[in-house]
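Novice: Letter by letter, the chains look like this.
There are 2 protein chains.
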Amino acid sequence: MSTIAVDAMGGDSAPEEVVKGAILAKKEGVDVILSGDENLIKSYLGNEKIPVINYPQVISMDDDPARAIRSNKDSSIIGALNLVKEKKADAVFSAGSTGATLIGAISVLGKIKGVTRPTIASVLPGKEKEVILVDSGANLEVKPKVLYQFAIMGSKLSELLFDIENPRIGLINNGEESSKGRELEKSTFKLLKSSQLNFIGNVEGKDFANSKVDVFVTDGFTGNVVLKTLQGVAKLQQDLISKSLKENLFKPLLVPVKNAISPVKSMLNPNSTNGSYLLGVNGLVIIGHGSSNSEAIKNALLFTSRAVEKRFINKFTEVSSEL
Amino acid sequence: MSTIAVDAMGGDSAPEEVVKGAILAKKEGVDVILSGDENLIKSYLGNEKIPVINYPQVISMDDDPARAIRSNKDSSIIGALNLVKEKKADAVFSAGSTGATLIGAISVLGKIKGVTRPTIASVLPGKEKEVILVDSGANLEVKPKVLYQFAIMGSKLSELLFDIENPRIGLINNGEESSKGRELEKSTFKLLKSSQLNFIGNVEGKDFANSKVDVFVTDGFTGNVVLKTLQGVAKLQQDLISKSLKENLFKPLLVPVKNAISPVKSMLNPNSTNGSYLLGVNGLVIIGHGSSNSEAIKNALLFTSRAVEKRFINKFTEVSSEL
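Residue numbers (our numbering), protein chains in the order written: chain A, 190 to 512; chain B, 190 to 512.
Honestly, the hints are just simulated from the structure, not real lab data.
Hints are not guaranteed to be accurate.
Just so you know, same-sequence chains aren't split out, so a pair can sit in one copy or run between any two.
Stated by the list, open to error - Simulated pairs of lysine-lysine, DSS-like, Cα-Cα distance not exceeding 30 Å:
hint	residue 1	residue 2
1	K432	K318
2	K277	K316
3	K375	K262
4	K432	K300
5	K447	K274
6	K277	K216
7	K300	K375
8	K318	K447
9	K454	K375
10	K231	K424
11	K379	K332
12	K277	K432
13	K334	K401
14	K432	K401
15	K238	K316
16	K274	K395
17	K435	K401
18	K262	K401
19	K440	K454
20	K231	K454
Source: prediction; values computed, not measured.
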């Protein structure tokens, strides 16, 4: 049975939606411990018996993450991370400031030996199966060696999540030719080319529409922009299609058509996707979207619980031998 | 009546598709002159009476643009640019190497006074009306001052294309807060904030789904990744929807539903969109997608012709007073 430490104060609608999500997850058999402002959390818990630890400080999206972690030892994310460090929980989940979760995790749990910069990997929808995007927002500016490590961690994640041997790795660039890119991409291309990884070369955003690679590698700034653009474009197209269907289709047809389109909308909706992995620290840390509602929090906690049961982190830690 | 100088050797399927596209455009009343390998072009022209100038060298996507422009004075793009310089044509169109077109245009036509780095602006689909993305691929790495100039040029383009007063400018970033981003975004934010532009702050890729801004500003690497991701995600979602409709919908319904969705697919299909503007040089230069087929080339030439008729470049050159 897995226990998940939840940063109850993290997220745009925290603690209310986080607490509600935790209650829903508990009903589906996930043990949770909530870290945050005890009084506030209890006001949303009602009669539910979920343990709470009192770490009342809140780190907001506006705060400088490094400074906030240094000066807020009683912040909710630190409380959650401490539970994993003390082996009272198997994993941490936060929908709060990504930067604070990253820096907090490095500070409390420590980096896996050999890892220069821990990173965030997101699981995205793909044509035939899901794909991994790494770094999806942790490290805005990186060196080639670091990008190379992201590729190794992304490859390992893909292996573990999807049982793929030698996942295909692509470097996001502004063209396919090896001469393309900034100095960062040019140098990283060489490192990847001469590595043991199954590096298939440069890829572009248009390759999200085919099945060319299993892992998209890029810096955290570009990765974050890709992730948000994916959400924005999916939503834009859904809205345009909705409008066009309403204008052009005989009304009784709308319902079956909407029902047929609905699973695709969910696939591309951040609230129903699962969360992202913080890779490279000594412990399982899952990051959710800041805009998560209770349903999204519940899904993310179920997802975290499955990762615990698969003994994800033990297997992942082996990656350090390759760094 | 406008005359367009066409780089007949530029594009993945050049010269065949470019020549065919030029023939189609001519039938719709656009005068074109083709620049490239005369013998090859004539073999595709058949009996069509379209003037050809012999600039047989081809610059490929693989070539280093600066070196290629220096050492290929007889390349097709240079021939097309010379026609505008000599006032034998009103605009240049190329679906070839963006880098070579950019550097060639700077070398042959010169930069507009005050412009540090010319840029490429693309017109993208939006929720209520089209939006502009600048830089969409010309300058991979830039300084804040340059990004600020891109915002000014993007603003002017939006004004001219869509008759908007004070277009709303957004800086693409990894979050909305002013503290977000790399040093580039932080410094550019300050420049934009204290400018005369209608700067609404940082925006994200998810803002493609709303109507928050008229102009998205970013560096050319990020912009190119955004553009390609937009194409990839739109295509991915279309394929997923198609599949789901086929599996879940009563067969006779498929045709009317596909017809209703079809205009949205076109909006988000690069082959039917119009081309991008090279901004900041002394002449009208329009860049098409490398993958353009003859239909896309024709559309791009019609689009270029309309820009000539609107006296776009004369109006745009006024922008230099603001730089």
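Novice: When the structure is checked against the list of hints, which entries are broken? Sort them ascending.
Specialist: 2, 4, 5, 9, 10, 12, 15, 16, 18, 20
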